[in-house]
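*Asks:* Chains as they are written, first to last, in the numbering used here: chain U, 1 to 304; chain W, 1 to 304; chain A, 1 to 304; chain R, 1 to 304.
No lab work stands behind these hints, which were simulated from the structure alone.
Keep in mind that this is a model prediction, so the values were computed, not measured.
Watch out, some of these pointers could steer you wrong.
One copy or two, it doesn't matter: identical chains are merged, so the pair holds either way.
With a straight-line cut-off of 27 Å between C-alpha atoms, the simulated DSSO-like cross-links for lysine-lysine are [said to hold, decoys possible]:
#, residue 1, residue 2
1, K301, K125
2, K297, K278
3, K301, K219
4, K221, K297
5, K219, K125
6, K301, K182
7, K219, K182
8, K182, K297
9, K125, K221
10, K278, K221
11, K125, K182
What follows is the residue order along each chain.
Number of protein chains: 4
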Amino acid sequence: MAVINHRPDFYCNAFGSGEPALRIRHGDTVSTSTVDAHGYDGRMDAVAGRVNPVTGPFFVEGAEEGDTLAVRLDRLSPNRGSGWTRMSLAPNVVDPDFVPRLGERDYLEWAIDLSGWTATLNDPKASDLRLTLPLAPMLGCIGVAPEGGQIITTMTSGPYGGNMDYTGCREGATLCFPVFAKGALLYVGDGHAVQGDGEIIGTGLETSFDVQFTVSVLKAKSIRWPRGEDRFRIFTLGNARPLDQALQHATTEMFIRLNEDYGFDSLASSLLLGCAVKYEIGNVFDPAYTVACILPKDRLKRGK
Amino acid sequence: MAVINHRPDFYCNAFGSGEPALRIRHGDTVSTSTVDAHGYDGRMDAVAGRVNPVTGPFFVEGAEEGDTLAVRLDRLSPNRGSGWTRMSLAPNVVDPDFVPRLGERDYLEWAIDLSGWTATLNDPKASDLRLTLPLAPMLGCIGVAPEGGQIITTMTSGPYGGNMDYTGCREGATLCFPVFAKGALLYVGDGHAVQGDGEIIGTGLETSFDVQFTVSVLKAKSIRWPRGEDRFRIFTLGNARPLDQALQHATTEMFIRLNEDYGFDSLASSLLLGCAVKYEIGNVFDPAYTVACILPKDRLKRGK
Amino acid sequence: MAVINHRPDFYCNAFGSGEPALRIRHGDTVSTSTVDAHGYDGRMDAVAGRVNPVTGPFFVEGAEEGDTLAVRLDRLSPNRGSGWTRMSLAPNVVDPDFVPRLGERDYLEWAIDLSGWTATLNDPKASDLRLTLPLAPMLGCIGVAPEGGQIITTMTSGPYGGNMDYTGCREGATLCFPVFAKGALLYVGDGHAVQGDGEIIGTGLETSFDVQFTVSVLKAKSIRWPRGEDRFRIFTLGNARPLDQALQHATTEMFIRLNEDYGFDSLASSLLLGCAVKYEIGNVFDPAYTVACILPKDRLKRGK
Amino acid sequence: MAVINHRPDFYCNAFGSGEPALRIRHGDTVSTSTVDAHGYDGRMDAVAGRVNPVTGPFFVEGAEEGDTLAVRLDRLSPNRGSGWTRMSLAPNVVDPDFVPRLGERDYLEWAIDLSGWTATLNDPKASDLRLTLPLAPMLGCIGVAPEGGQIITTMTSGPYGGNMDYTGCREGATLCFPVFAKGALLYVGDGHAVQGDGEIIGTGLETSFDVQFTVSVLKAKSIRWPRGEDRFRIFTLGNARPLDQALQHATTEMFIRLNEDYGFDSLASSLLLGCAVKYEIGNVFDPAYTVACILPKDRLKRGK
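Starting from the given sequences, assemble the full structure and let the hints guide the process.
*Replies:* Given below as structure tokens:
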């Protein structure tokens, strides 16, 4: 398999904006890079504007409204030795009367050790705190052009994907998006070297990434919300506020998926979900929150 | 260690109600049983009223308002060969316009195989559906008397615990509750042989249980929301609607816990949570929803 | 019409608690008094405990589960020359990141002029602020014993009414409550001399009241949520979080009411509500928020 | 005063899209027309695509990012003899388990009598229902280009205004919007001949309108959310889900406005709001809900 190397010469701050950065086809594999959420690349050059500049759009030949675009994340890795986080919980994830007790929300530097696969806090503002964590790279932003020709900031998300900050968008996972525009227009960016659920400090460990992915166009396959799978699980993603509504979107989409893709009727789907569903929170920080509805693949087999 | 055997002769349908069923002391281990959510015991006798009759209250000598009661779940097991679930997703977990497409919400019977540690759907209403799942027993209801002398139905939850339907309330876990009344008044019940996150069909696999637990009184240790831990994780539980608020309660309590119990300052707590927190949804069905805020214990060590 | 004079000798801090303070009958009119939210009466004597001590319960002969209790508020008036408010917005009614900019939440004294029917800020902590407002007395707390024998603090609300802080609970209005317990057990209290929508500083202008009301028992008339009416409007009240859910409860109850009480079918009810409904927010401060769904009476006539 | 007559020759389905339809200046008054939510104009010609086509954008010379655009609604009137509504409550405004009891959500025709200033149901699908309502014309959509070059569907709303469906957007009111783009780019449309709070059937009485408005540019006056006023009231508008968050936005903006525009400090603002605020719900149907935070003007005077 040939890999198409793409070196970005511009970035976008909205899903739906920008002329195609590259035209690709069903089955193509692309190797590219992303900058951090403040626009710094792997050499720490400021090459893009804030916030969350994304690489793309990739125009996928043949993808049309009503299709589904599948994107397998073949490789995700930080590509430099540093990253940054904020230093305090976001005000909206604690009790309102506790907000005044939160600390400053300034930024902190971290060292990223790609050989040891760890990140270590490395900032004079926190010189007495030793904190080392294993890397778990993921993409904060992945999605396509929104419906109806909309152009929507990379700070939020919707049916088209976007800034979902879901830890499941990691190497080995395949994400599927509804196609709303000719060519689908895929964007990727906002790599996090590691992140807890919910992105509750308002950032992951933000850094630039090398990203390799492979696209497939599923013709006349229509979905309403992003779906995905990895080796062990299938999942659907809902993006909305409050979390309750994001969960409703994700659960409804999974219910439909179980019928469409696995042939489960309403009863079987309900029982499987009722007894085996897992939920994960992508982010509880951006304008739209993200909830993943998850089923383990071994339950799908047993269920049949 | 002596185990106190308690055979219930009554059940309660509200937290805070009932004369003490048994007086116990700090360190005591109690072996008792619980009935299913409709009041049927291990012999399928209807011995209690709907909904969610709980065993107790256990009056813990010396526990006073402002203390914390710790309850280690030493053993949890279904004690009969059958259980039941509902047969459709609850209306509040799908998109509002999808509700009319949900099926009937009637009950279905399951066979429980305690030697094989599985449950198998076993109902003439669904004779063509084969579904077998491994058991994962948990308590849907566990808590103490609510604050201020309140008496609150076992259909909901609050700072005192209650009907949280959290899969983490399983064998080996220790749950801690704020003590609001003399003797704490502990209740347990609503055993689920297995349940997905969120209890989204409105039930787990409901059945009667044998339950063994050990209590400790933490004097002058004051908490605001239920906390817990198991071998690998610590967690805090928030109970409220919407999920956003439950998450705020749980996150705030974890933030405080990291300071109080582990000596982390605001910065260290924020970074740990930001990079390593996990959230799980207890239930998204009862009047108050439940969110667990979780940290892996190995992160607590690294963090120091 | 004879008026029964009732001088309270105790107060309750929970709906559902307390032995009957007085037994009354269908059609009886009672004149009584209420203390302020901190337990101070018309002579500024501290006669009850915090928070929101209520007068009652009034046991209404013949009221049984499944009936409806109607309470007409014949007269509501502050009965002393002073009251108090908090001095800052509550943290939960502003944007989370704005919370640190709110001021202290301490208390302020006001002078109440019953002849001029005004209240004037009168506190050394705010000596340079002149603020005079017309009185608009209302009851913050009104309700009956909750369902299933529950005892629930006067700090929140539910299907039984409670601490709804709805400005529509004013002189001339009639409130209806579902009866959940023998005798209904009516409580009144938490008078506010004036209050904006939502009780967004966490208090109204809190003071003690003289209250006169008349009860009716509607036998075999079953409602699910508090209903009411005054000269110009009918309304239903939903109590829950978030506001969306409170609004759902109130709207559903109004939809049912239009059918049951006015004979409108689903289409007529939908169109009337769609074109003429008004919503008001009772409180957006207590654990359960309150939304009123309102229709003007003249629309009900036109609709027929 | 000269009035600029503008006859639209195209319509937009997104805020931020389209070349300027007309360039106007500070102080200009424009007389134009809008089509109904399905694109039908005053002659019942289908001239625009669904949903919510809006007239504009009007490029206001001199308006720049960081300014405020004020739009006085000089005249609003339906301009044809018919309109339409949906025929059932929307699923999201009733209790989830009540949804299956709602009727069809089809459309119904109404006759509009401009001389009598009433609307009367006039549809064979509901021939036995007589329903006549007074007109109360309002604009469902009014706003400017969103921040950051976004293009956002006219089905939702945000800081830029949009599809707020607020009954307060009526003749005589002035609306103010933050300017995010050169020329502000004002759009108007989605006229409702009458509508209840919340647009809870998912439509107002939809029809085409004649609209006359006057613009002012407030240089270097920065606001965060739409503001407005009419003869008796000032208001701020928050757009978000759930209602709680929309209310937080509107309340925070009013709190800031009281300081900036009226010189009230934090204490005075809190007390005024606490004792005199009114809330109204614009819509509780679109992706973002709308809440208005309102103060009567006579309270502003007393407060000083």
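*Asks:* Confirm or reject each hint.
*Replies:* Going down the list of hints, with the structure as the test:
1. For the homomeric pair K301 and K125, the shortest alpha-carbon distance between copies (22 Å) is at most 27 Å, but the shortest distance inside one copy (52 Å) is not.
2. Taking the closest pair of Cα atoms, K297 and K278 come within 27 Å of each other both inside a single copy (12 Å) and across two copies (21 Å).
3. For the homomeric pair K301 and K219, the shortest alpha-carbon distance inside one copy (26 Å) is at most 27 Å, but the shortest distance between copies (50 Å) is not.
4. For the identical chains of this complex, K221 and K297 are intra-copy neighbours only, at 21 Å inside a copy versus 43 Å across copies, given an alpha-carbon limit of 27 Å.
5. For the identical chains of this complex, K219 and K125 are neighbours neither inside a copy (52 Å) nor across copies (38 Å), given an alpha-carbon limit of 27 Å.
6. Taking the shortest Cα distances, K301 and K182 never come within 27 Å of each other, neither inside one copy (36 Å) nor across copies (51 Å).
7. In this homomeric assembly, K219 and K182 come within 27 Å of each other (Cα to Cα) only inside a single copy, at 12 Å, whereas the closest approach across copies is 41 Å.
8. Taking the shortest alpha-carbon separations for K182 and K297, neither the intra-copy value of 32 Å nor the inter-copy value of 48 Å comes in at or below 27 Å.
9. In this homomeric assembly, K125 and K221 never come within 27 Å of each other (Cα to Cα): the closest approach is 51 Å inside a single copy and 33 Å across copies.
10. In this assembly of identical chains, K278 and K221 lie within 27 Å of each other by CA distance solely inside one copy; the values are 25 Å within and 33 Å between copies.
11. Taking identical chains as interchangeable, the C-alpha atoms of K125 and K182 are never at most 27 Å apart, the minima being 48 Å within one chain and 40 Å between chains.
Checked against the numbered hints given earlier, this structure breaks hints 5, 6, 8, 9, 11; the rest are met.
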